Amino acid sequence: MMQEVKASMAGSVWKIAVNEGEKVEEGQDIVILESMKMEIPIPAETSGTIKELKVSEGDFVNEEEVIAVIE
Amino acid sequence: MIEKILIANRGEIAARIIRTCRRLGVKTTAIYSEADKDAPFVQMADEQFLLGPPRVNESYMNIDKILSIAKESGADAIHPGYGFLSENAQFAAVCKQEGFIFIGPTSEVIHRMGDKIEARKIMKQAGVPIVPGTNETVSEKEAVEIADEIGYPVMLKAAAGGGGIGMQVVHSKEELQSAFENNSKRALTFFGNGSMFLEKNIEHARHVEIQLLADEHGNIIHLFERECSIQRRNQKVIEEAPCSFISEKTRRKMGKAAVQAAKTLGYTNAGTIEFLVDHEENFYFLEMNTRIQVEHPVTEEITEIDIVEAQIRIAKGEKLRIQQDDIKMQGHAIEARIYAEDPITFFPSPGLITKFQVPEGNHIRNETAVKSNYQVTPFYDPMIAKLIIKADTREEAVSLLTEALHQYKVEGIKTNIPMLKKIVTNKVFQMGSTTTSFIDEYYLSRD
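Chain order of the listed sequences is A and B.
Mapping of the first sequence onto the working numbering: residues 1 to 71, in sequence order.
Mapping of the second sequence onto the working numbering: residues 1 to 447, in sequence order.
Derived from the structure by calculation, the hints contain no laboratory data.
Note that the structure is predicted; figures quoted are calculated from it, not measured.
Backbone N, C-alpha and C fix where the C-beta goes; we use that ideal spot for every residue, glycine too.
One or more hints might be untrue.
Now the in silico label distances, taken between C-beta atoms and shown as ranges [claimed, not checked]:
#, chain 1, residue 1, chain 2, residue 2, range
1, B, Asn362, A, Lys54, 51 to 59 angstroms
2, B, Lys316, A, Glu4, 54 to 62 angstroms
3, A, Ile32, B, Ala93, 53 to 61 angstroms
Not close to chain A: a few residues of chain B, all C-beta gaps over 10 angstroms, as computed [stated by the list, open to error]:
#, residue
4, Arg23
5, Arg55
6, Asn201
7, Ile220
8, Gln231
9, Glu248
10, Arg251
11, Val259
12, Ser349
13, Thr377
14, Lys427
Which chain B residues face chain A? A few, computed with CB under 10 angstroms, are given here [said to hold, decoys possible]:
#, residue
15, Lys4
16, Pro54
17, Gly83
18, Ile165
19, Arg186
20, Leu188
21, Thr189
22, Phe191
23, Gly192
24, Ala340
25, Glu341
26, Pro348
27, Tyr374
28, Asp381
29, Pro382
So that you can see chain A by itself, here it is in the shape it has in the complex (with noise of 0.2 angstroms):
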């Protein structure tokens, strides 16, 4: 099953918490976004495997863009 990490809101990417081909847990920081003079983590919404980041740090991203893709 494959799961899309999305951008909750607007920003640039300030960190990115993983590597393609992790494991990650449900929860986990995929990438940190930078919004507004704030700092906001969007995390894994199911366990699995980084298949892809599409992001690179201080990339810009639209709010539903897709960050990632978990395996």
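Starting from the known structure of chain A, arrange chain B on it as the hints suggest.
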């Protein structure tokens, strides 16, 4: 002479500065990023220059670009507003080197107050009480030793910090150890300096600050205090003047201490000294803000002094026209900050404002950065407006504020207005018993 001012800022404060400049017959130059091309402040100025892309390093923090625009526009002075480059000592120095009047204190003073440890030393020297804590930056090991001595809870702070970043109250050794590394890292990312220091955490404290005006001829006055205890994420939400908690005696003592501090420092222009006041009215130096503050309107409302005008006159080299005894407080003023954010999680809520309608009235002052059909971008601070109420008494001001908040309309994005409504109808707030933990104790805990 100051005939044209470049405003190195954006949003409501840029609009606020332009208003006073117009009244004084001073021309204005607005600078704006691509994200702000439709922002109301841009068209208010006499002329407009595009800075570049939205990111602050390429726009409002880009010193080279700002100075090249200043030269091109023929401005003779630069007003930094608050945030961005306003407390950047290098910016103040470069403005002066390039022949512009920087509307603020000298680069040297900004530098000394920007280093929180240096600031503590200077205040101690000036005889201003400081919170018990370390006189130097500390390692994690030293922090643990000192915390044992002064007793938990302690406040861990970044030496170069500001805006609540790199700052945390810790209650135990374990918490201190994990918080030290995290906050030091964050401070390094945000301020380029990960040095930390410790202060005793003053519990049930109020945040009370003194507004100062100092000319370049050695005259220093204060414009009384502002009470700013209502904060979320260490940032102010509601501010008022005067503070209903302190006695006349404490008010005089705090004013005197602030003036003495400015004298010791050789301070010029407008500035604010922030204090923590405990339940016994002991006050301790917190930090100095070497610029105009977001909440300056409440002071303007009770003293009838235009602080931006005073800044410009001081920068021109004029002497203060008023003495301490001439300044009288009249009535009560409250400011509520309107943030584009979720009222419960405080997470940012950028997006399209479909309708923006502010309440109007004799007792209402609006400072706004947005309008209807306006896109709030995620690049800058979430504050979109300020609502200021002036009345004869605090009780009346709170009641008028409550009414005004009910009339305030922002549609399309989430705002903190529901939170503001809850605060102003809270009994503890209405009694004036506000401390910096008010939101944790009376707002968040209820939901």
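(request) Return the numbers of the hints above that this structure violates; sort them in rising order. (result) Going through the list in order, the structure violates hints 3, 5, 12, 13, 15, 20, 22, 23, 27 and respects the others.
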